[in-house]
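K.L.:
Protein chains in written order, with our numbering: chain A, 5 to 339; chain B, 5 to 339.
Some clues are possibly wrong.
To be verified - DSS-like mimics (lysine-lysine), calculated; alpha carbons at most 27 Å apart, straight line:
| id | chain 1 | residue 1 | chain 2 | residue 2 |
| --- | --- | --- | --- | --- |
| 1 | A | Lys291 | B | Lys255 |
| 2 | A | Lys299 | B | Lys339 |
| 3 | B | Lys339 | A | Lys339 |
| 4 | A | Lys196 | A | Lys10 |
| 5 | A | Lys10 | A | Lys67 |
| 6 | A | Lys339 | B | Lys67 |
| 7 | A | Lys339 | B | Lys317 |
| 8 | B | Lys291 | B | Lys229 |
| 9 | A | Lys196 | A | Lys229 |
| 10 | A | Lys64 | A | Lys10 |
| 11 | A | Lys317 | B | Lys255 |
| 12 | A | Lys339 | B | Lys31 |
| 13 | A | Lys317 | A | Lys255 |
| 14 | A | Lys255 | B | Lys95 |
| 15 | B | Lys255 | B | Lys196 |
| 16 | B | Lys255 | A | Lys255 |
Unchecked claim - Anything over 10 Å on all C-beta distances counts as not near chain B; from chain A, calculated:
| id | residue |
| --- | --- |
| 17 | Glu91 |
| 18 | Gln139 |
| 19 | Lys155 |
| 20 | Leu159 |
| 21 | Ser195 |
| 22 | Ile197 |
| 23 | Ser219 |
| 24 | Leu256 |
| 25 | Glu259 |
| 26 | Phe263 |
| 27 | Leu266 |
| 28 | Gln270 |
| 29 | Asn271 |
| 30 | Ile274 |
| 31 | Ser278 |
| 32 | Ile328 |
Derived by calculation from the structure, the hints in this document are not laboratory data. From the three backbone atoms N, C-alpha and C, an ideal C-beta is built for every residue, glycine too.
Protein chains: 2
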Amino acid sequence: MSNWYKTQDQNSSVAVSSRIRLARNLKGLPFPARMTTAQRIELNQRVKEAILGSNTPFAKTLKYIDMHDVPETQKFAMVERHIISPEFANKTEPTAIILSSDESISIMIGEEDHIRIQVILAGLNLAKAYDIAEQIDTLLHDSLHFAFDSKLGFLTECPTNLGTGLRASVMLHLPALEWGGEIETLGTSISKIGFTVRGMYGEGSKSMASLYQVSNQITLGLGEKNALDNLLIITNQLIEKEIESRNSLNKLELEDQCFRALGILQNARILSSSEMMNLISCVKLGKSMGILDIKASPIEILVEAQPFMLCGKYGVLEPRERDIYRANMVRETLK
Amino acid sequence: MSNWYKTQDQNSSVAVSSRIRLARNLKGLPFPARMTTAQRIELNQRVKEAILGSNTPFAKTLKYIDMHDVPETQKFAMVERHIISPEFANKTEPTAIILSSDESISIMIGEEDHIRIQVILAGLNLAKAYDIAEQIDTLLHDSLHFAFDSKLGFLTECPTNLGTGLRASVMLHLPALEWGGEIETLGTSISKIGFTVRGMYGEGSKSMASLYQVSNQITLGLGEKNALDNLLIITNQLIEKEIESRNSLNKLELEDQCFRALGILQNARILSSSEMMNLISCVKLGKSMGILDIKASPIEILVEAQPFMLCGKYGVLEPRERDIYRANMVRETLK
């Protein structure tokens, strides 16, 4: 397996990635917000031993990383790769992460909850991602005792996660729905039935690269399977609508826009992050629709051209310098 | 010789073309504004015979064209090639033109004055252009009698042309002076000493492709040689200032802009005239400064991508259709 953003999913030109997150807490320890440093260190050790001490195939692919050993730049590059949350990257307390070599599995220790199991896979792969997350959950459950209430389910720091502790999400590329102005209406409808649509990489509901994350909101009173099934239904409806919208776009105008975007990316010497994302979105659409014949993966470029990813690769860079390195990297990749 | 816009002048990256125009009127005939149709036809015939009836080398390269035989589209394409004035293209009375095969010489008959001799050459070539214009002037003078006053010089319909009847002009590419906002100040200074700077292809003083025409205004009380010498001094000063400005531009930003312009022109599927001109201007600058390594001539593209030039080449086209043909033509030329 490879990192989600390096894998080109052939099955869907709309679904970019699928993510499962399970929130778990250990019985007998306060929630992280109220933990002492000693308790945090104890937590890290217990989770580490539970995973790495087990003799499962998982254990061999997983690595325990003390977050104090990770430089700031690399932490935020992890955020850009969707491995950890920004809140986790900002924590100064002793926290740790258990990571698979392909980064598809990441277990944050000491974020909002004691344990946050995350599995992220390319394309529309909710069932597979859930399957992996569940195996980790079982593994941890064997040696750790989770805070669980027969009525409320898994206990979590925030009541919105109570119950299954499951947050399932799909990242979708929805440029046609965005251009058509349909995304807001769809977002409002979807939120009424317990799901959220929000822009990735951007502020508020408007996304930078037309990337939107659809996720379940309800964790209480609804089983994991139902939550996943419902999310899949919503996701497939959005994909269908997006493809309809794409097919109704003016072909020539679309070609014009896609080729121009590629032309700029192949030529620019200075490239801001936001411009790069908007152009990459057009290139992704053009590639998906067979307009642009390029080998490079637009999503891979989008992730690798993020500010901290560039800093991690080329050393600490000033914003202006970063725009130059970004332009060079993108140009070379698309040549 | 070749059309001015098809010739790539190696000597100057700033001077695009040089133009000489001599206004002449025949004794005993009213100015065109007051001529009857019969008198116009008589005028056309007399000029035609004066030129084509002579046994000079000129005569063999020149062709007489009745403007009634020229389709509207071609007339305005001639305007775009700077062969005739827009006023002349709009005339419905019997008018004619005498044209050399390379279009460097054009003699408009029945424009504002009876005769307008024009010579247009690529680059900074005022002396050579004047030399050719003078030969035609002498040739015509031999068989026609020009309205001439010993005090006022050549008589012309408009008093601004009285005297030498000479308008000499140079078309300059001044992107760096334009970006730096210096062009307006320079234009004002220059106008105070009897010269005019005006944008080509655009409205008012702002030009579309940073192309500006510098011309003499004084035709009375100043000999032709002095007028040309003064224009040359002004022109060389402008060229020097432009080159200074170019060299003080931020190199990376300039490269970014030039490469982006080329990238868009090489990729767009829909291209408006104004966008094309602004991008071509960047490409011309980039080529002049050794940033872009392209064979095609930006000025040739700029002229050939004008609306009526496209109509003439591809048949009558709607504006939208024209933007598509323009994009295709430009893309192919720059591939």
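K.L.:
Give me the numbers of the hints this structure contradicts, sorted from smallest to largest.
P.N.:
Numbers 1, 4, 6, 7, 8, 12, 13, 14, 15, 16, 24, 25, 26, 27, 28, 29, 30, 32, in rising order.
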